[in-house]
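Protein sequence lines correspond, in order, to chains W and L. Position one of the first sequence corresponds to residue 1 (this note's numbering), numbered consecutively onward. Position one of the second sequence corresponds to residue 1001 (this note's numbering), numbered consecutively onward.
These aren't lab readings, by the way, just hints derived from the structure by calculation. Note that the structure is predicted; figures quoted are calculated from it, not measured. Here a beta-carbon is modelled for each residue, glycine too, at the ideal position from N, C-alpha and C. Incorrect hints may appear among the rest.
[Stated by the list, open to error] Taking CB as the label site, the calculated pair distances span:
| hint | chain 1 | residue 1 | chain 2 | residue 2 | range |
| --- | --- | --- | --- | --- | --- |
| 1 | L | Arg1160 | W | Leu181 | 50 to 56 Å |
| 2 | W | Arg444 | L | Gly1127 | 58 to 64 Å |
| 3 | L | Ile1043 | W | Arg444 | 52 to 58 Å |
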Amino acid sequence: MFRNLLFPALASLAFVSCENRSDVEIANEENILIIGNSNEPKGLDPHLVSGVLESNIIRALFEGLCVEDPAKDSTSLPGAALTWAPSDDFTEWIFNLNPEAKWSDGVPVTAVDFVFSYKRLLSPDPNWPAEYSEMLYFLKNGEAYNRSHFGHILCGNDPDFPLDWETLKKANFEGERSLKLENFVGKKFSDLKEIDLKKLKPYLKEDETIDLAKITAEKVDLKNLSETEKRIFCNAKGIDKLSKEQLQSLKSDSSLVTWTDVVPEEVRQIVLDRLIAHHEAGKPNLWEEAQVGVTAVDDFTLKITLRGPVPFLPEITKHYTWYPVPKHIVLRYGKINTAFSSQWTRPGNLVSNGPFKLKTWRTNHFLEVEKNPHYWDRDQVDLNGIRYLPIKNYYTETRMFGDGQLHMTYTVPSELIPMAKKKYPDQLRQEPYVGVRFIRVNTRKEPLNNPNFRRALATSIDQKAICEKILLGGQKPASGIVPPFGEYKVPGLIQFDPEKARALLKESGYSTDSKFSEIKLLTTNSESGLREAEALQEMWKQQLGIKVRIVQREWTTYLQKQYDADYDLCVAGWIGDYLDPTTFLEMWVADGGNNNTGWGSKEFENLLTKAENTADVAARMDVLSQAEKTILADTPVLPIYWYTTNYLIRPEVKNWNPLLLNNHPFKFVKIEK
Amino acid sequence: MSSSATVQNSEPAAIEKGSSLWTDAFVRLKKNKLAVLGGIIVIVILFLCFIVAPIMSMAGMKANDQDLANRFAGIGEKGVLGTDQLGRDLFMRVLEGGQISLLVAFLATMMTVTIGVIYGGVAGYIGGRIGNIMMRIVDGLLAMPFLIIVILFREIITGRIDIVARFLVNEWSWDNDTVTRFANLIPLTIAIAGFGWLSMARIVRSSAASLSKQEFVEAARSLGLSHRRILFRHMLPNMLGPVIIYATLTIPSFILYEATLSFIGLGIEPPNSSWGKLIMEGANFLETNVIVLAIPAVMFSLTLFAFNFLGDGLRDALDPKASKD
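With the hints as extra help, turn the sequences into a complete structure.
Below, the structure written as structure tokens:
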């Protein structure tokens, strides 16, 4: 009787003591890592996401050809591929896949899966919402396929074509970048502003007016248009984007689109014929025609052909855009380019090839992954699982860490760094991160079109004060765009020098006496963004007497304003996707989608092309460094600082070492008991 | 007889001095301790923001001057109340922020009263179908989300204000900082008032509708007075009670609106401050430097309380029947 009573009493005691243990202690016993992950992931399809928080989960679930070394940057360990070898000029790579590598349902990972994945990410369907297709533009013809460059695919890839592609390329295939028809939708010609009129001027005869409604209509019939309207429409669209009917009417007068003079009329007709034939055939297997540079030689041999020499290809394959997706599962739940509506990433359906597989995903609670029993290197994996908590508020996150609910935080906001330094001196990590904070300058506007003026702005930013007094996260003053890493020599051209800045300002001829502040600094509506902007504003006012106004906009408007070049100065950031300077430099080519400054330089682009064709690593870095110098000399961007990551981590988590890209491989992480 | 004698003997009774509605109300208001306290607080805060702050500013204590070497200086270490996250004088920022918050609230209230009284008065006086239509328009506008209207107003107005501001600075060489600071306030005020007059119009309409049926209005009408004269000379003084009460109560709610807008980044342009903005910025330092949050928050709540007490007191004083006790 007594014993009967005693037992439940003891049991309840044990239960109570259990309750008193923190989440982390329980997780330590179960060998599960708990991570703060900032927000609910947008999705788990590696092709459809672009955020850091999604990449944290995808890195645990999937595995690329190569795997990041847990302690050393720029070192690649075997992943889905056992061995790999480049050709002499680094344009062709053979990856020998691991025959042991399996999806988490036991099906082997083959080269076909990789080809399928790359075809999927590069899908030219305009409704395909992938944000990161550019990462595969390294592949030969990857860009042409993704952006439906029919001209290139049909003529440029044909070795028997009567004219070489380099010459033909100068014809207007892509449409004129400055002439966007979307800008004219719903407007009347008489109401157009000066800036819009300027773009149309070259096509207009004197005092000529055109009907904007006609050329912006959904379906445009060239027959109904005037000569000038035809010319504007065709040049704005480019040959690649014209429909079959439009191409047919173009045949009667091919000069409506800009061609280079060396393209004779017969060749123009051939190009148009090929495009029309292509449209008539209903776009049959564009992938085959495009000859994108990835092929499955056999089940376990993948051949990758690149657009130029890429000696650092293994680095790139560690990025999640290069991960494979399971062909058999994706096709079971939809077509190759069924996007968010596809069920293949749901728990229970998702099949992955990485060290972990998806266990549970409870929206706004947590997402948990567990060890993948079919993973080829399962003996190496120590953790039984990882639990990701979507904690939006960083203050809450820091508090939860203090309460023992997390092994690791996503970040530490700069306001809390002094507190964290005091309270958790051993747990706070401040590590370099390849990213740069800078200000875009709209070089089309007065007085920002003057390089001396821009240089004056750049050299009057007290970068050190911003890093040490405001950010406190160990950020480094940026003397250029590319952060220091590996063998790259930072040119170091931009330094805080108020004397020189004042001299440069004088040279630029800009007078500061009692003028209405016209220059506006665009930033996001985040608190840290505001502090930084206010500090910059004060520095320019004190050092140069230039009064700048701050405009805060919410994130999507902020991005749109940059894209539309509707800004003067704009604070922005850029995080490297892989460890090579090109990830920071390529965006500044004149027609780069992320340039948005209106700046462009032939010299810079030539240097980039030269670097692309230089196989020798040291020489290549020199050329890239020179390319950066040409940007900094003209200063269309004002560098502010190089990023760091700040986070809290519990001491029992082992094998978590500083990595420049912050892409920590979870398979090596251990919890010490 | 005797009684009549006493009447005759006594001094002729002084005709009791008629006391107006306003004197009565003031006497009643003075008896309400909370309302008096509220009034005093309002006066003190107005004095600090609009008299002390400009004097100190002229004496060289600028609210926007940064000193990154002295961030988060404590009380008395630098300035009166220390410095904020960019080393700016917190005391000056709170007072100058108060200027903006209070100015927006007062100006918006004045606009609200003007538009609301005219619109609501006309709707109530005319009544019938036209009055109904006028009030349904108000209902329709009220149904629209506040934020969207405000953003719309701001986008439309800001560009135009800039043209005026540019002219003042470039042609008349006014001080750029002052002009931009106050130019900023106008779109904010118009946006808030553009929404705020709707409730005022409703209140005025209801009292105008009931007044228009009363005998003295009938009398005025039978005298052949013009509609305008009846409305503004005869009815308006009788409606003033609820209008004043409502106006006092809208001031704190407008300060709150301004704070809301600033809090989500639609308010005053940086580096200028307002209370809402200071509170928003300070909220980030809740765990590390609570003073940056506490001072504007205390000033803000104090003002809200004071205006609410004053408003309550005015309601009790002007309209004793409506009082709960």
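Hint check:
| no. | hint | verdict |
| --- | --- | --- |
| 1 | Arg1160(L) <-> Leu181(W): 50 to 56 Å | violated, 30 Å |
| 2 | Arg444(W) <-> Gly1127(L): 58 to 64 Å | holds, 59 Å |
| 3 | Ile1043(L) <-> Arg444(W): 52 to 58 Å | holds, 53 Å |
Of the hints listed earlier, the one the structure fails to meet is number 1.
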